[in-house]
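For reference, the chains in residue letters:
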Amino acid sequence: MAKKTLNIVESAYRAVMEEQDDTILWLLAAMQAAGGAHTAVLRGNAVNYAIAGQGAPGLSVGEWKQTQAPKMDRDIIDLVENRKIPVYIVEEDLAERGIGRDELVPGVKLLSRKALPALFAEYEIVSHW
Amino acid sequence: MPKKTLTFALMDAPYESANLTTAFRILDAAARRGHDINVFAYEGAAGLAFAPQTAHPNPVHGKNLAEENHPTTKDQVAALVAEAVRNGGKLDWVNCGMCVDERGVNQFVPGTRRGSPADFQAFTEASDNILVIPTK
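For the record, the sequence lines run as chains Y and W.
Numbering-wise, our numbering comes out as the position in the first sequence, counting from 1, plus 50.
Numbering-wise, our numbering comes out as the position in the second sequence, counting from 1, plus 935.
Derived by calculation from the structure, the hints in this document are not laboratory data.
We treat Cβ as the ideally placed atom computed from N, Cα and C, and that holds for glycine.
Don't take each hint at face value.
Below, in silico cross-link-like pairs of lysine-lysine (DSS-like), each with a Cα-Cα straight-line distance of 27 Å or less [claimed, not checked]: (1) Lys164/Y with Lys54/Y; (2) Lys115/Y with Lys998/W; (3) Lys998/W with Lys121/Y; (4) Lys53/Y with Lys134/Y; (5) Lys115/Y with Lys939/W; (6) Lys939/W with Lys134/Y; (7) Lys121/Y with Lys939/W.
To give a feel for the contact side, a few chain Y residues facing chain W, derived at Cβ under 8 Å [stated by the list, open to error]: (8) Ser61; (9) Arg64; (10) Glu68; (11) Ile74; (12) Trp76; (13) Val111; (14) Gly112; (15) Gln118; (16) Phe170; (17) Ser177.
Taking CB as the label site, the calculated pair distances span [unchecked claim]: (18) Ile175/Y with Ala1053/W: 13 to 23 Å; (19) Thr989/W with Ser110/Y: 53 to 63 Å; (20) Gly103/Y with Arg967/W: 39 to 49 Å; (21) Glu113/Y with Asp1063/W: 20 to 30 Å.
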């Protein structure tokens, strides 16, 4: 059985246009497909990934056009529904940014910062990205 | 709008930062307006025009090579060179030679060249304005 791993994702929108996704969330999906047992916690600016309906216009340089611009809300839904990776959102970080719970994609779970230590204890590995 | 000479210094490596997306948006706007543009690609940015960059499929997205249509910065640089020329301007894209050597990225797309900090100094002297987009 794979080691249970909790992944705290804090860096956000770092290179999503060039990679057409978030490289850490992509990595978790790929590792899950390889037999991993991953969970994600979005904190800091990364809580923004869970806002439904977001998107960026593709980059255009001269006659070159990006056709597959990232959609982070779609990727979060994919993690939860298809990859079976639980996704937690730190609720204080949402509140600090003025983001309402009703703005989030379905399936994500809210938790308080105070609940993090107990969550850590449930996992064999905790990785902070 | 009269033609201007604009210089940009870039530092971020490809596929690492949103800074370059912003840089390419600004550079594209300048090229569309026919300005003369200089770029000094320093440190990690010396890899932006590296010709062997290759797009890839994305199994996590469930997309093949064509469907994923993954962007490469070398294609963006080449498009920028063409856009500048098409609008009556020019783009002098200089890759810092020592940075290139350190990284082994010494094959460039056409329209870009190897250079040195002396080129950046010359750009600085000849430009109406300069924008540095540094690594943070």
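- Task: Please verify that hint: Phe170/Y, Cβ, nearest Cβ of chain W, below 8 Å or not.
- Result: violated (27 Å)
- When the least beta-carbon distance from Gln118/Y to chain W is tested against 8 Å, hint result: holds (5 Å)
- Hint validity - Glu68/Y Cβ closer than 8 Å to any chain W Cβ: For Glu68/Y, the interface hint holds, since the closest Cβ of chain W sits about 5 Å away, which is under 8 Å.
- Query: At the C-beta level, are Gly103/Y and Arg967/W separated by a distance inside 39 to 49 Å?
  - Reply: Violated, since Gly103/Y and Arg967/W (Cβ atoms, about 30 Å apart) do not stay within the stated range.
- Glu113/Y and Asp1063/W, beta-carbon distance inside 20 to 30 Å? For Glu113/Y and Asp1063/W the Cβ distance comes to about 26 Å; the hint holds.
- Check the following: the C-beta atoms of Ile175/Y and Ala1053/W are separated by a distance inside 13 to 23 Å. violated (50 Å)
- With 53 to 63 Å as the target window, see if Thr989/W and Ser110/Y comply at their CB atoms. violated (22 Å)
- Keeping to a limit of 27 Å between CA atoms, is the pair of Lys115/Y and Lys939/W held or broken? Holds, because 26 Å separates the two Cα atoms, which is no more than 27 Å.
- Query: Holds or violated: is there a CB of chain W closer than 8 Å to the CB of Gly112/Y?
  - Reply: holds (3 Å)
- Query: Does Lys939/W lie within 27 Å of Lys121/Y when you go C-alpha to C-alpha?
  - Reply: Since the Cα atoms of Lys121/Y and Lys939/W sit roughly 36 Å apart, the hinted pair is violated (cutoff 27 Å).
- Query: Against chain W, with CB atoms and a cut of 8 Å, does the hint on Val111/Y hold up?
  - Reply: At 4 Å from the nearest chain W Cβ, Val111/Y passes the 8 Å test, so the hint holds.
- Message: Next pair to validate is Lys939/W with Lys134/Y; report whether the Cα-Cα distance is within 27 Å.
- Response: violated (54 Å)
In summary, the structure is inconsistent with hints 6, 7, 8, 11, 16, 17, 18, 19, 20 from the numbered list given earlier, while agreeing with the others.
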